[in-house]
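For the record, the sequence lines run as chains E and H.
If you're matching positions, the first sequence starts at 1 in our numbering and goes up one per residue.
If you're matching positions, the second sequence starts at 1 in our numbering and goes up one per residue.
Careful, some of the hints might be misleading.
What the hints assert, rightly or not - Take a look, some chain E residues computed to stay more than 10 Å from chain H by CB distance:
#1 Y144
#2 K188
#3 F289
#4 V299
#5 P328
Claimed, not checked - Stretch-level coverage of chain H by chain E, calculated; a stretch enters the list once three of its residues show a Cβ under 8 Å from a Cβ in chain E:
#6 73–80
#7 138–144
#8 163–170
#9 196–210
#10 334–347
#11 403–409
Unchecked claim - Think about it this way: if two alpha-carbon atoms lie no more than 27 Å apart in a straight line, the pair counts; the simulated DSSO-like pairs of lysine-lysine are:
#12 E:K127 to H:K127
#13 E:K73 to H:K127
#14 H:K273 to E:K27
#15 H:K73 to E:K334
#16 E:K263 to E:K273
#17 H:K334 to E:K67
#18 E:K273 to H:K73
Don't read these hints as lab results, they were simulated from the structure.
All C-beta atoms, glycine included, are put in the ideal place defined by N, C-alpha and C.
Single-letter residue listing:
There are 2 protein chains.
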Amino acid sequence: MKNCIKQISLDDHSTEHRYMQIYRQIKESILSGLCQYEERLPSVRAMAALLQVNAVTIVKAYDLLEKEKLVRKVTGSGTYVDYGRPVVVEDTLMEDDVQRSVFISPDTINFASATPSPDLFPVRDFKTALLEVLDRDQGYAFGYQDPKGYEPLRTAVGKMAKHLGIQCENENIQIISGAQQGIDLVAKGLLYPGETVLIERPSYGGAMQAFFSRNARVVDVPLEPDGISLDALEFSIRETRPRLLYVMPNFQNPTGISYTHDKKKKIIELSEKYNFLILEDDYLNELSFSDEPAAPLKVMDQHDRVIYIKSFSKMFMPGLRLGYLIVPMRVAEKLLAAKQSSDISTSGLLQRALERYLSTGAWEQNLQVLCNEYRQRFHRMAWMLEHYMPNNVKFLKPTGGLNFWLKLPDQLNSQMLYKSAMERQLIFAPGELFYARKPDENCIRLSIAAVKFSQIEAGIKLLSQLIRLRLKLDQKETPLRAEYRDPIL
Amino acid sequence: MKNCIKQISLDDHSTEHRYMQIYRQIKESILSGLCQYEERLPSVRAMAALLQVNAVTIVKAYDLLEKEKLVRKVTGSGTYVDYGRPVVVEDTLMEDDVQRSVFISPDTINFASATPSPDLFPVRDFKTALLEVLDRDQGYAFGYQDPKGYEPLRTAVGKMAKHLGIQCENENIQIISGAQQGIDLVAKGLLYPGETVLIERPSYGGAMQAFFSRNARVVDVPLEPDGISLDALEFSIRETRPRLLYVMPNFQNPTGISYTHDKKKKIIELSEKYNFLILEDDYLNELSFSDEPAAPLKVMDQHDRVIYIKSFSKMFMPGLRLGYLIVPMRVAEKLLAAKQSSDISTSGLLQRALERYLSTGAWEQNLQVLCNEYRQRFHRMAWMLEHYMPNNVKFLKPTGGLNFWLKLPDQLNSQMLYKSAMERQLIFAPGELFYARKPDENCIRLSIAAVKFSQIEAGIKLLSQLIRLRLKLDQKETPLRAEYRDPIL
């Protein structure tokens, strides 16, 4: 039976009509997220039988829900929850912005895109690798590949993983067409409809979309400055008995938060104690700008419960659509079947070319170039934010990564801010993109992935001015509590 | 409420225990396919309430089902149907065989793979296109692409479609990472769990797997020599009110059957009358070896109900993982969202290279080469089958395509045949791959996609000998009714 119907109880002594009681309780379940988008409600007949009321009563309740656009009726199929529609994959949204700004105006200050700009791609070296493959493999580079991935590439990424301290064999490695596909395969291969996935709040929209698409129940758990809230997490685990926990323990997207060693250890223990899997999206561990390196959760995975996702989009080239999973053997077969039914296999030419590229050591050189470039942007960004943002704009300085997460004053209308910034050719990622439900906070994400170093100063100055301006404007509604620090000239 | 529970009725006057009645009726629903793999049964409580029996009765019924491995219990989630596990994607299975045979023995006679062998790929011309793109676009070739696809490529494939007589705009075109992804996106974007998809019997296993993965109810409709059985189709439509009909109207896989013009027209009319969508997998229309060309269903789609899938795997290079959809505008947005949550976008480098390649006219030349080669193999194959197969091996000669579908005598053990063929380095596709449920017929698929022309004669002679041999062996169990024609020497 569906979650949302579990605790419907009718009070015969209530003055409230029965259909109103039913309507109200289902509505609550939907708004609370207990009933997920696209979840099917029991048929009128079944519902009437279950609650032992007249079918007409159920029809009236469902009609009310449909009027409020909380459910939709699908002829010949049933009544479905139509609330909590999946969020967009922000990378694609932002990339559209980038594309536009690239072609319409090279002057756009792009704090929106979380993926590197094309000028940072090692095109020459990769071209060499491509040619080597074409001359060596001829037609075989274009035949179907092992759905698990091109064996030599799996060996090569296995070596990379071992450098990070991850123990794995080739059988544990699944090549994927980018991290988004990795998340989608896990949702498709391991989640039964209605099973619960716990995610961080806020989190990556593309992951939520993949879980929603599998009709999973997505429950978000708040983040603290040192990682996910353990109390809230254990409470949610007990409540929902999740099948999966999706986390980004290093330089989390969008907040930039990194988990402490202890919190990493603790969630591993919880996964064993409560028998769920952890999906670790390690999209950026290379970019540590503090002394201690950012160790993946997978390194501590003594219970073999962590599925590790690594993308080549952030630290190499997003358009390649390549990445890999490191999977516990107990789920390897299911994920392979999910891969086959999704796209059979990933392009053999690109897999072979990447393997050649990795073999030359060009990868390490390119990584150095990227890290140096990003380090400069990172420190510049942090300094500018510290010195130019009004005090009532709160943010945590991350220890690495590409993202800065700003909490704006509650009275500031962030949509208006987004508009007025756009008009001045400055773009950022609105906080709403990173929540499964309407957010309780007023945040924005600034990324240094695609913005030029030379643009950062002007960008932050402009943004802080716009915020001050909007605060004054929005003051009319609510009194302004903030004091300002004079901008440094 | 779940399909499988719809018509459970308890007979109080029966001598059969109630839990046995419930167990039996659910079991029947599962075996008949009315209850699909991974479908969730109502909770014990809900079921007890619905049938107004004691909870213990339901528990006993579910326990029996679990003992027979028809359902499995998932702690904290519910009881799921565990029967009718999705079939494999035969291309990958077969491709594994090919890989093995390619590297272990070049002498293997491969009637199994339905995809062209690497020696037929236009590697040189495609390499030229790749280099052109790398020099022209530099890093932009590796950035994120429009999730709908690289605009110039969409324009180019739009032209190709118009040559086939299909009217479409760029907004109707969605670039995909191969046809398998196209089917998966339709399943993901358009099917609610529990909705019905009608497919041909037999059909492509990868499609079934994609539909199963969406928890759709897959119902198969028998094929006749001139296309799907209209009577059976309309009956199933009335029974199940499907959301989607998946068909391959030209040189169907695996049977090679082509629909008559009238049957194509009729199923379009049915889709309008009964309000469902048609997914046309046009994987091979180029390979017509008769006088009249194989017109896609989409050409007659005056009601805009056909989603058209075109792969570049069969007539170009499978490893590229490229294809396109032509979609009615009413579903374009949902399919785009499904694409984004699946892999964000398809490799920009490969999309751009294909666009360059198409622009040179090399495509048409390559097509000619492929058609000439396949025509020779096709006629050779048909002639050999007609002259060497025992009379009690039935097959229809297709008018084009790559596949021949053989119906073996019922008394022949086709698994033993597969084994003994394997031992002699001859492989083919067992019929079981193409059925959602245990097949009622004893068929095999022979494909000419990867076999060398020079191997066909020896291959068919060997296969017919093995069949005769097995018939004699299997005779011990059942009397042999077949008369033989002497092999031509």
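Taking each numbered hint in turn, which are not upheld by the structure, reported in ascending numerical order?
Per hint list: 1, 2, 8, 11, 13 and 14 violated.
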